[in-house]
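Visitor: The chain contents come next:
There are 2 protein chains.
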Amino acid sequence: MTAANRVWNRLQTDRRERLAQAAQALGTDLAGKLLPSSRIADLLHAVLRPGDRVCLEGNNQKQADFLGMALAGLDPQRVHDLHMLQSVLALPEHLDVFDRGIASKLDFSFSGPQAARLARLVSAGKIQIGAIHTYLELFGRYFIDLPPRVSLIAAQAADRHGNLYTGPNTEDTPAIVEATAFRSGIVIAQVNEIVDELPRVDIPADWVDFAVRSPRPHYIEPLFTRDPALISEIQVLMAMMAIKGIYAEYEIERLNHGIGFDTAAIELLLPTYAESLGLKGRIARHWALNPHPALIPAIEAGFVESIHSFGSELGMERYVEARSDVFYVGPDGTMRSNRAFCQAAGHYACDMFIGSTLQIDLQGNSSTATLGRISGFGGAPNMGADARGRRHASPAWLKAGREAGNAGMPRGRKLVVQMVETFREHMEPAFVERLDAWRLAETSGMALPPVMIYGDDVSHILTEEGIANLLLCRNEEEREQAIRGVAGYTAVGLARDKRMVENLRDRGVIRRAEDLGIDKRLATRDLLAARTMKDLVRASGGLYEPPRRFRNW
Amino acid sequence: MTAANRVWNRLQTDRRERLAQAAQALGTDLAGKLLPSSRIADLLHAVLRPGDRVCLEGNNQKQADFLGMALAGLDPQRVHDLHMLQSVLALPEHLDVFDRGIASKLDFSFSGPQAARLARLVSAGKIQIGAIHTYLELFGRYFIDLPPRVSLIAAQAADRHGNLYTGPNTEDTPAIVEATAFRSGIVIAQVNEIVDELPRVDIPADWVDFAVRSPRPHYIEPLFTRDPALISEIQVLMAMMAIKGIYAEYEIERLNHGIGFDTAAIELLLPTYAESLGLKGRIARHWALNPHPALIPAIEAGFVESIHSFGSELGMERYVEARSDVFYVGPDGTMRSNRAFCQAAGHYACDMFIGSTLQIDLQGNSSTATLGRISGFGGAPNMGADARGRRHASPAWLKAGREAGNAGMPRGRKLVVQMVETFREHMEPAFVERLDAWRLAETSGMALPPVMIYGDDVSHILTEEGIANLLLCRNEEEREQAIRGVAGYTAVGLARDKRMVENLRDRGVIRRAEDLGIDKRLATRDLLAARTMKDLVRASGGLYEPPRRFRNW
Numbered sequence: 002m003t004a005a006n007r008v009w010n011r012l013q014t015d016r017r018e019r020l021a022q023a024a025q026a027l028g029t030d031l032a033g034k035l036l037p038s039s040r041i042a043d044l045l046h047a048v049l050r051p052g053d054r055v056c057l058e059g060n061n062q063k064q065a066d067f068l069g070m071a072l073a074g075l076d077p078q079r080v081h082d083l084h085m086l087q088s089v090l091a092l093p094e095h096l097d098v099f100d101r102g103i104a105s106k107l108d109f110s111f112s113g114p115q116a117a118r119l120a121r122l123v124s125a126g127k128i129q130i131g132a133i134h135t136y137l138e139l140f141g142r143y144f145i146d147l148p149p150r151v152s153l154i155a156a157q158a159a160d161r162h163g164n165l166y167t168g169p170n171t172e173d174t175p176a177i178v179e180a181t182a183f184r185s186g187i188v189i190a191q192v193n194e195i196v197d198e199l200p201r202v203d204i205p206a207d208w209v210d211f212a213v214r215s216p217r218p219h220y221i222e223p224l225f226t227r228d229p230a231l232i233s234e235i236q237v238l239m240a241m242m243a244i245k246g247i248y249a250e251y252e253i254e255r256l257n258h259g260i261g262f263d264t265a266a267i268e269l270l271l272p273t274y275a276e277s278l279g280l281k282g283r284i285a286r287h288w289a290l291n292p293h294p295a296l297i298p299a300i301e302a303g304f305v306e307s308i309h310s311f312g313s314e315l316g317m318e319r320y321v322e323a324r325s326d327v328f329y330v331g332p333d334g335t336m337r338s339n340r341a342f343c344q345a346a347g348h349y350a351c352d353m354f355i356g357s358t359l360q361i362d363l364q365g366n367s368s369t370a371t372l373g374r375i376s377g378f379g380g381a382p383n384m385g386a387d388a389r390g391r392r393h394a395s396p397a398w399l400k401a402g403r404e405a406g407n408a409g410m411p412r413g414r415k416l417v418v419q420m421v422e423t424f425r426e427h428m429e430p431a432f433v434e435r436l437d438a439w440r441l442a443e444t445s446g447m448a449l450p451p452v453m454i455y456g457d458d459v460s461h462i463l464t465e466e467g468i469a470n471l472l473l474c475r476n477e478e479e480r481e482q483a484i485r486g487v488a489g490y491t492a493v494g495l496a497r498d499k500r501m502v503e504n505l506r507d508r509g510v511i512r513r514a515e516d517l518g519i520d521k522r523l524a525t526r527d528l529l530a531a532r533t534m535k536d537l538v539r540a541s542g543g544l545y546e547p548p549r550r551f552r553n554w
Numbered sequence: 002m003t004a005a006n007r008v009w010n011r012l013q014t015d016r017r018e019r020l021a022q023a024a025q026a027l028g029t030d031l032a033g034k035l036l037p038s039s040r041i042a043d044l045l046h047a048v049l050r051p052g053d054r055v056c057l058e059g060n061n062q063k064q065a066d067f068l069g070m071a072l073a074g075l076d077p078q079r080v081h082d083l084h085m086l087q088s089v090l091a092l093p094e095h096l097d098v099f100d101r102g103i104a105s106k107l108d109f110s111f112s113g114p115q116a117a118r119l120a121r122l123v124s125a126g127k128i129q130i131g132a133i134h135t136y137l138e139l140f141g142r143y144f145i146d147l148p149p150r151v152s153l154i155a156a157q158a159a160d161r162h163g164n165l166y167t168g169p170n171t172e173d174t175p176a177i178v179e180a181t182a183f184r185s186g187i188v189i190a191q192v193n194e195i196v197d198e199l200p201r202v203d204i205p206a207d208w209v210d211f212a213v214r215s216p217r218p219h220y221i222e223p224l225f226t227r228d229p230a231l232i233s234e235i236q237v238l239m240a241m242m243a244i245k246g247i248y249a250e251y252e253i254e255r256l257n258h259g260i261g262f263d264t265a266a267i268e269l270l271l272p273t274y275a276e277s278l279g280l281k282g283r284i285a286r287h288w289a290l291n292p293h294p295a296l297i298p299a300i301e302a303g304f305v306e307s308i309h310s311f312g313s314e315l316g317m318e319r320y321v322e323a324r325s326d327v328f329y330v331g332p333d334g335t336m337r338s339n340r341a342f343c344q345a346a347g348h349y350a351c352d353m354f355i356g357s358t359l360q361i362d363l364q365g366n367s368s369t370a371t372l373g374r375i376s377g378f379g380g381a382p383n384m385g386a387d388a389r390g391r392r393h394a395s396p397a398w399l400k401a402g403r404e405a406g407n408a409g410m411p412r413g414r415k416l417v418v419q420m421v422e423t424f425r426e427h428m429e430p431a432f433v434e435r436l437d438a439w440r441l442a443e444t445s446g447m448a449l450p451p452v453m454i455y456g457d458d459v460s461h462i463l464t465e466e467g468i469a470n471l472l473l474c475r476n477e478e479e480r481e482q483a484i485r486g487v488a489g490y491t492a493v494g495l496a497r498d499k500r501m502v503e504n505l506r507d508r509g510v511i512r513r514a515e516d517l518g519i520d521k522r523l524a525t526r527d528l529l530a531a532r533t534m535k536d537l538v539r540a541s542g543g544l545y546e547p548p549r550r551f552r553n554w
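Going down the list, the sequences are from chains S and Y. Using the working numbering, you'd call the opening residue of the first sequence number 2 and step up by one each time. Using the working numbering, you'd call the opening residue of the second sequence number 2 and step up by one each time.
With the rest of the complex left out, here is chain S (with noise of 0.2 angstroms):
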């Protein structure tokens, strides 16, 4: 075919034909971009053809659960074979679709509570999965060779031209919503209402072909809530080991949080141990993070000067609102978050990376993969990578940098500490000679083992035994024998090599509690700055309020 009659503009002109096949299907109950929700199931029959590639938002917080439920709810004759894209599976009907034959095909991100189902629908041969990826890998692919035919958005509220406001969760909107609307696809959201005015436009209605109101809100999983009363001695005594042995020890302004309690119990520290240190105004100051309701006392405190956020948490928009200088606002005053940015932000302008894992190797690789579950990744690898596209320098990432040693060309290195238990839940090791994973990608056909986090990002494994520092381990049996040398009573740590182990902890490769000065008499829960809920909502001056299932007073 010659240039000259080639068609250049299918994606424009089957864009035009669905939206007038939604105009004839809605009639008079189209006002505009505005439909009733009884009409929900007709438009997306008129907008959606087999085989589309369908972009459902799924977020690690925020669900576009009334369009997932409408889309589960569909006629498969009519739409079959989607290819869905999802940041997240976190509801039973964004597994629906697949065993309702509306969908076939997916790739995503985290699937959280409903990784086993997911197995068992992949082995069934309901779901044929294309990759499982990073946040950030996944949205960067909707602008190569995954782009959204449609999308299905969840938004705090439209307007009646259909300028949407996201408001404080608004996590992966952007990005889904660009990838779409500039790749001619059809963008529709979901709202909790229409109003007349709109606290702030977050996205332009130019962007948005449909809204509809749902008859519930949208869902919203408060994610990253702990209860301070649930954590334990010896998380408090890891969490003594991080402040002393690495916070401090690299001056970390600039970080990001895993989630879970072995963080939470950090960062209820800080405004207690770590200020009895001496390290306010030295350490944290700088955080991408979602607002960790823990973290509360430690913003009272005076240690936190800022906060950038993927999503929000639920109960925390007015204390978020209260606390402006910290928190990124809009000019309207409410919260603003961006997943695409903070993590773009966690990845280049974080010196460290510490979060909690189950399953740790003789290199260091950690995987939250376990054999009949297909969770998948969300955030962590990109956030425990180290950023080699980083250029700027600090003096955390120089030591780090110095430490591992590059031979030739002086490079620095993130920060990426592991931390766990050494045994976790049901007395399972954490620490194995061969991950799970392996299992997994062998009985799911996965072309790699699924890795969390490869060893050789991973510069600190810390347990309730010790801090092992890779970076100062000269070779893969140093390597190997520093991981056993924390690895305490499990099989792992039982076969360390007990004067190598010992070798390792005079040159500093190893540190425990001891070693760092650390008294462990001192780590009782009496040094948690919050031991209960409500001692955050006291925190808070009364302003964070807990989802109902947190109120156990």
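It is worth saying that the hints were derived from the structure and are not from the lab. You may find that some hints are simply not true.
[Said to hold, decoys possible] Derived DMTMM-like pairs: lysine to aspartate or glutamate, alpha-carbon spacing no greater than 25 angstroms straight-line:
id : chain 1 : residue 1 : chain 2 : residue 2
1  : S       : Lys400    : S       : Asp516
2  : Y       : Lys34     : S       : Asp516
3  : Y       : Lys400    : S       : Asp146
4  : Y       : Lys245    : S       : Asp146
5  : S       : Lys400    : Y       : Asp207
6  : S       : Lys281    : Y       : Asp146
Given the coordinates of chain S, assemble chain Y onto it according to the supplied hints.
Guide: Same frame as chain S, but now just chain Y:
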């Protein structure tokens, strides 16, 4: 101070005070958010404070030149010691602000044509450089420790409410505005025109504080236009080797090209040489790339399925709009670019980066730094770094990973190709024992030598003498000899261990044109799909309109 009497909204208060001062200074000249260009100095004097962090939109291409000029003309008694944040320093006024004492500190990414003057001003103590970044890294810091207090941006048009249309050259605007507007900062936009109805809203008025129509349209540099007439036959040969020895070898479908004649030659060989090898549909399908005019013949030949862009390219507007199946365009039909998303896409979703450099050392570190010039990095460190946060597999990525042969845990690898003639202009050797970057670091007080791409991230070095595959090198010595083995008649090349180089060639670590079955006699300009600018215009069906300076007919 207790939390009770601590003030938590100083940024918001300060913002309100500045806006009130601006309203007072401008009086009735302020119509909503719009002011006449004659009052710009009054506005800037009203909203700026000494020591402010100010982001001036200097992009790779689009320049907020009117605002930059106004800034450089302010009264240094009133506005001084600004901390400038800027992607690119391209124009004289970008340095005038330092020369005149209005600004004193600088964090940036690239300085290009101002590199020599920048070095002089640093030596003279007029500029303190915070750090030099890659683009996405600098954007990341805007959300962590370098949020702009005031941003001076450029857009195509504003409406009377202050909504902005950024058009094809959106570039860095969304990242800058988001970091400022959501940190209680102040956003000032220069626009080419003020209209009743925008083609589409790109930046909502709620995120913008002031808009001013500039006397002249903002400057745009046609940075990615290369006249095919200037491509040499050596570049044709190197392009043939790239296509047959790398693109075909790894079946690279998703990629980014650096700037320059080397990669322009590859683009112009796709519809001729690559087509003759049966590679259409198998390589170079999806791109993270600006609309390079040299890619027009490949697009017309159906080689290219999609292109997402960092910015646009002057003269390509009509062509892009007419090829909307290939490019990212808005619902209004005009192009959209976005540097932040395209950098993320290039880093995480592309299998290869290929670009030119100035100097390569024996470890494969490459740099464009030369003494007396502080030129910065731009986007290359990010595109040319292994994406260690990537988790999705592709054949190219897996093959590169297998060749690199990670011990223990298998992993994919990004292909990072450095393409360079052994001698550059003025017979300067491209291969050196020690990069000029070392001396530049010493004389400029940098913490590390400014390396563009680190040797351990480079997979291939391609010269007219052949391709060195560094992934296959088993140790530092082999790597050094592989590099010497393609370094031609430079001193580095002449000092090769001939036997070892032949051994590397036997193993396929080094491959010469003849090893690839390339007939060097075919390496003539006849192989180029376009040999002149006029050929490009013709190939575009008259849609491409080159800037005047490229019209040589």
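Visitor: Is the straight-line distance between the alpha-carbon of lysine 281/S and that of aspartate 146/Y 25 angstroms or less?
Guide: holds, 17 angstroms
Visitor: Lysine 400/S and aspartate 516/S were given as a pair; does the straight-line alpha-carbon distance stay at or below 25 angstroms?
Guide: holds, 20 angstroms
Visitor: Going straight from one Cα to the other, do lysine 400/Y and aspartate 146/S come out at no more than 25 angstroms?
Guide: holds, 19 angstroms
Visitor: Please work out if lysine 400/S and aspartate 207/Y have their alpha carbons no farther apart than 25 angstroms.
Guide: Violated - the C-alpha atoms of aspartate 207/Y and lysine 400/S are around 43 angstroms apart, more than 25 angstroms.
Visitor: Just to be careful, I want the Cα atoms of lysine 245/Y and aspartate 146/S compared with a cutoff of 25 angstroms; is the pair within it?
Guide: holds, 23 angstroms
Visitor: Mind checking the alpha carbons of lysine 34/Y and aspartate 516/S for me, to see if they're no more than 25 angstroms apart?
Guide: Violated: lysine 34/Y and aspartate 516/S sit about 61 angstroms apart, past 25 angstroms.
In summary, the numbered hints that this structure violates are 2, 5.
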